[in-house]
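**Q** Please take these sequences and the hints and turn them into a complete structure.
Counted from 1, the sequence shown has number 709 at position 54 by the working numbering; the numbering is strictly sequential.
In short, the hints are calculated from the structure, not lab data. Among the hints, a few may not be true.
Dumping the calculated SDA-like pairs for lysine to any residue here, alpha-carbon to alpha-carbon at most 25 Å [stated by the list, open to error]:
(1) Lys851 / Ser821
(2) Lys726 / Glu744
(3) Lys851 / Val814
(4) Lys851 / Glu807
(5) Lys726 / Pro784
(6) Lys752 / Ser783
(7) Lys809 / Glu926
(8) Lys776 / Ala802
(9) Lys658 / Phe811
(10) Lys776 / Ser894
(11) Lys658 / Tyr927
(12) Lys809 / Asn659
(13) Lys658 / Leu755
(14) Lys851 / Arg920
(15) Lys682 / Thr818
(16) Lys752 / Ile721
(17) Lys809 / Asp857
(18) Lys917 / Glu837
(19) Lys776 / Ala808
(20) Lys658 / Ser882
(21) Lys682 / Gly902
(22) Lys682 / Asp908
(23) Lys658 / Asn703
(24) Lys851 / Leu709
(25) Lys776 / Gly789
(26) Lys682 / Glu904
(27) Lys851 / Ile702
(28) Lys851 / Val698
(29) Lys752 / Pro784
(30) Lys776 / Gln743
(31) Lys776 / Arg756
(32) Lys917 / Ala813
(33) Lys682 / Leu709
(34) Lys776 / Ala916
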Amino acid sequence: MPKNVQLLIIDPQNDFCDSERGTLVVKGADADMRRLVELVRRVGSQINDIHVTLDSHHLIHVAHPIYWQDKSGNHPSPFTIISAIDVQEGRWVPTHKSWLRQTRKDFGALDYVEALESNGKYPLCIWSPHCLIGSWGHNVYPPLLEALHEWEAKEFAAVNFVTKGSNYHTEHYSAICADVPEPNDPTTQINTWLLKTLNSADEILLAGEAASHCLANTALDADAFFSDGSFARKLVLLSDATSCIEGFEDRYDAFVDALSAKGMRVTTTTEYETA
656 MPKNVQLLII DPQNDFCDSE RGTLVVKGAD ADMRRLVELV RRVGSQINDI
706 HVTLDSHHLI HVAHPIYWQD KSGNHPSPFT IISAIDVQEG RWVPTHKSWL
756 RQTRKDFGAL DYVEALESNG KYPLCIWSPH CLIGSWGHNV YPPLLEALHE
806 WEAKEFAAVN FVTKGSNYHT EHYSAICADV PEPNDPTTQI NTWLLKTLNS
856 ADEILLAGEA ASHCLANTAL DADAFFSDGS FARKLVLLSD ATSCIEGFED
906 RYDAFVDALS AKGMRVTTTT EYETA
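**A** Written as structure tokens, this is what we have:
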């Protein structure tokens, strides 16, 4: 029986990959995507499904400067880390004051940063506004998009695009669920359809940006859902088709160590061969 091979590409978008115009460029991402293009063209006939996740934010977002302000009304600079104690003591508060504490509808900003510290995944880091819905930066990096269209035409199949991140009040690194899911927003909760589809694969090729954040978090969340380790054993990380945000390399190393110990294989786009 032919092997079911699926390719999962995390956030291959202009704002991350275009080194000249992107607003949150991941160093090396443009070269990552060009190597991935060559893989898609080389082994595309052996790939059953391609999934592409898309970071999809509004300008007003918990990880963008405009969401927060200090006592003087200044917004934080990109790469500012906001802790629970910062919010508790009023060093940073939501620009929209009613968003500080939980309401019947929304998770409060203080509740959010406290929950982040409890789950221990990532601190709240402020990023330059990126992947804004409808913008150039939200689009798939053109060389890869061209290769994906070629694959669709040759295989008469559709790429599955998965959006994430449109809720104002929670970061959504992982394509599986938001960092802190909101009870009243299904888009922040576990994407069971994606998990079920990926679980039907015999092998899952993993690439995309950034290795330290959205890629690592997606893989770790999916692995946690399948607690028997079966998901990790299907993963093939294409290490030359992903790069870290500088300064966060330890997050990537920890992810690789954790899932390699469970059976994840690490290779490159040029070394990979389907069985």
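**Q** Confirm or reject each hint.
**A** Hint by hint, here is what the structure shows:
A C-alpha spacing of about 23 Å is found between Lys851 and Ser821, which places the hinted pair at or below 25 Å, so the restraint holds. With a CA separation close to 11 Å, the supplied pair Lys726 and Glu744 stays within the 25 Å bound. A C-alpha spacing of about 16 Å is found between Lys851 and Val814, which places the hinted pair at or below 25 Å, so the restraint holds. At most 25 Å may separate the alpha-carbon atoms for a hinted pair to count; Lys851 and Glu807 meet this at roughly 22 Å.
Between Lys726 and Pro784, the direct Cα distance comes to roughly 22 Å. Compliance with the 25 Å bound is thereby established for this hinted pair. Among the hinted pairs, Lys752 with Ser783 is consistent with the structure: their alpha-carbon atoms are about 22 Å apart, no more than 25 Å. Restraint check for Lys809 and Glu926: the C-alpha separation of about 23 Å stays at or below 25 Å, so the hint holds. Under the criterion of a C-alpha separation no larger than 25 Å, the hint pairing Lys776 with Ala802 is inconsistent with the structure, at around 34 Å.
Taken as a hint, the Lys658 and Phe811 pair is honoured in the structure, with Cα atoms around 18 Å apart against an allowance of 25 Å. Under the criterion of a C-alpha separation no larger than 25 Å, the hint pairing Lys776 with Ser894 is consistent with the structure, at around 22 Å. Only pairs whose Cα atoms come within 25 Å are accepted, and Lys658 paired with Tyr927 is accepted, the gap being roughly 15 Å. Straight-line distance between C-alpha atoms of Lys809 and Asn659 comes to about 17 Å, which keeps the hinted pair within the 25 Å bound.
At most 25 Å may separate the alpha-carbon atoms for a hinted pair to count; Lys658 and Leu755 exceed this at roughly 50 Å. About 21 Å separates the Cα atoms of Lys851 and Arg920, which keeps this hinted pair within 25 Å; it holds. A distance of roughly 23 Å separates the Cα atoms of Lys682 and Thr818; the hinted pair therefore holds under the 25 Å criterion. Taken as a hint, the Lys752 and Ile721 pair is honoured in the structure, with Cα atoms around 13 Å apart against an allowance of 25 Å.
At roughly 22 Å between alpha-carbon atoms, Lys809 and Asp857 fall within 25 Å of each other, so this suggested pair holds. Between Lys917 and Glu837, the direct Cα distance comes to roughly 30 Å. Violation of the 25 Å bound is thereby established for this hinted pair. Under the criterion of a C-alpha separation no larger than 25 Å, the hint pairing Lys776 with Ala808 is inconsistent with the structure, at around 39 Å. Proposed proximity of Lys658 and Ser882 is supported: the alpha carbons are some 23 Å apart, at most 25 Å.
Between Lys682 and Gly902 the CA atoms are separated by roughly 11 Å; this keeps the pair inside 25 Å, and the hint holds. For the hint linking Lys682 to Asp908, the alpha-carbon distance of about 17 Å falls within 25 Å, and the restraint holds. Simply put, Lys658 and Asn703 have alpha-carbon atoms about 9 Å apart, close enough for the 25 Å limit, and the pair holds. Proposed proximity of Lys851 and Leu709 is supported: the alpha carbons are some 19 Å apart, at most 25 Å.
A threshold of 25 Å between alpha carbons decides the hint, and for Lys776 with Gly789 the separation of about 29 Å lies outside it, so the pair is violated. Among the hinted pairs, Lys682 with Glu904 is consistent with the structure: their alpha-carbon atoms are about 12 Å apart, no more than 25 Å. Distance check on the hinted pair: Lys851 and Ile702 sit about 17 Å apart at the alpha-carbon level, within 25 Å; holds. Pair hint Lys851 plus Val698 holds up; C-alpha atoms about 24 Å apart against a cutoff of 25 Å.
Restraint check: the Cα-Cα separation between Lys752 and Pro784 comes to about 21 Å, which is no more than 25 Å; the hinted pair holds. Between Lys776 and Gln743 the alpha-carbon distance is near 20 Å, which keeps this suggested pair within the 25 Å criterion. Simply put, Lys776 and Arg756 have alpha-carbon atoms about 22 Å apart, close enough for the 25 Å limit, and the pair holds. A distance of roughly 31 Å separates the Cα atoms of Lys917 and Ala813; the hinted pair therefore is violated under the 25 Å criterion.
Taking the CA atoms of Lys682 and Leu709, the gap is about 19 Å. The hint holds against a cut of 25 Å. Distance check on the hinted pair: Lys776 and Ala916 sit about 19 Å apart at the alpha-carbon level, within 25 Å; holds.
Going through the hint list in order, the structure does not satisfy hints 8, 13, 18, 19, 25, 32.
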